[in-house]
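Peer 1: Now for the letters of each chain:
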Amino acid sequence: SQTIHQWPATLVQPVGSPLSLECTVEGTSNPNLYWYRQAAGRGLQLLFYSIGIDQISSEVPQNLSASRPQDRQFILSSKKLLLSDSGFYLCAWRNLGQEGPDGYTFGSGTRLTVV
Amino acid sequence: DQQVKQNSPSLSVQEGRISILNCDYTNSMFDYFLWYKKYPAEGPTFLISISSIKDKNEDGRFTVFLNKSAKHLSLHIVPSQPGDSAVYFCAASEYAGNLIFGKGTKLSVKP
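Heads up: the sequence lines are chains H and U, in that order. According to the numbering used here, the first sequence is numbered sequentially starting from 1. According to the numbering used here, the second sequence is numbered sequentially starting from 1001.
Among the hints, erroneous ones may be present.
[Stated by the list, open to error] Simulated crosslink set (DSS-like; lysine-lysine; CA at most 30 Å straight-line):
hint : chain 1 : residue 1 : chain 2 : residue 2
1    : U       : 1037      : U       : 1005
2    : U       : 1068      : U       : 1056
3    : U       : 1005      : U       : 1056
4    : U       : 1103      : H       : 79
5    : U       : 1103      : H       : 80
6    : U       : 1071      : U       : 1037
[Claimed, not checked] A partial selection of chain U residues facing chain H, derived with a Cβ cut-off under 10 Å:
hint : residue
7    : 1045
8    : 1079
9    : 1091
10   : 1103
Just so you know, these hints were derived from the structure itself, not from any lab. Bear in mind the structure is a predicted one, so any value in this text is a computation, not a measurement. Ideal Cβ placement from N, Cα and C applies to all residues, glycine included.
Between the sequences and the hints, there should be enough to build the whole structure, so can you do that?
Peer 2: Shown next as structure tokens:
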């Protein structure tokens, strides 16, 4: 069965510190991978998506970057965090073989608080 | 510019009654619409979807209605239960495209 792992669950970081959030998927190959952020009062915003290794598309300009060094690994990073980076970060995957966008599966999320 | 809008940030309903959550969209190219349910500190889980060729899809207590001319969809939960209390996100996409989410509506079902 396919599973998605996301860690850590919570994180408190000072302004200006680096960030690395990791997401891995098991039980599937060549998935589309996504990073979403839920900021206070703003719903779920798509940050990055990837259709393959080292293929990253950014949806919004921001202080963050994403990388996909392996087929089933998706990393969200920042060199220097801002207060506005606080939020709930969600990784998701979608198997290309699944018809329709209801094939998205979300991880359990990371609550990031920048202080 | 929001392509998917949920104009009600919250909704409170009595247990056993109907919950109606609304969603509007602006992109006429969207052809797939979904509802996700999210509990605090958890990822969203898929609830129900509808393609643009239909106007209704039903799954147990959950029914989604689509009005393409009005670019409006709604989720009906009948009867509402306390366990339905969560944030509900409306989402839309073009086929095989990325999901675009609304801001969510927090549903509270009171016993």
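Peer 1: Taking the hints in turn, state whether each one holds.
Peer 2: Hint check:
1. For the given pair, residue 1037 of chain U sits about 16 Å from residue 1005 of chain U by alpha-carbon distance, which is consistent with the 30 Å threshold.
2. Among the hinted pairs, residue 1068 of chain U with residue 1056 of chain U is consistent with the structure: their alpha-carbon atoms are about 11 Å apart, no more than 30 Å.
3. For the hint linking residue 1005 of chain U to residue 1056 of chain U, the alpha-carbon distance of about 20 Å falls within 30 Å, and the restraint holds.
4. Taking the CA atoms of residue 1103 of chain U and residue 79 of chain H, the gap is about 28 Å. The hint holds against a cut of 30 Å.
5. Pair hint residue 1103 of chain U plus residue 80 of chain H holds up; C-alpha atoms about 27 Å apart against a cutoff of 30 Å.
6. Among the hinted pairs, residue 1071 of chain U with residue 1037 of chain U is consistent with the structure: their alpha-carbon atoms are about 21 Å apart, no more than 30 Å.
7. Taking 10 Å as the C-beta contact cut-off toward chain H, the hint placing residue 1045 of chain U at the interface holds, the least distance being around 7 Å.
8. Given hint, residue 1079 of chain U at the interface with chain H, is violated; its Cβ is 25 Å from that chain's nearest Cβ, farther than 10 Å.
9. Because the beta carbon of residue 1091 of chain U sits about 7 Å from the nearest beta carbon in chain H, less than 10 Å, this interface hint is met.
10. Hint status for residue 1103 of chain U relative to chain H: holds, with the closest Cβ pair at about 3 Å, below 10 Å.
When the structure is compared with the earlier hints, a violation turns up for hint 8 alone.
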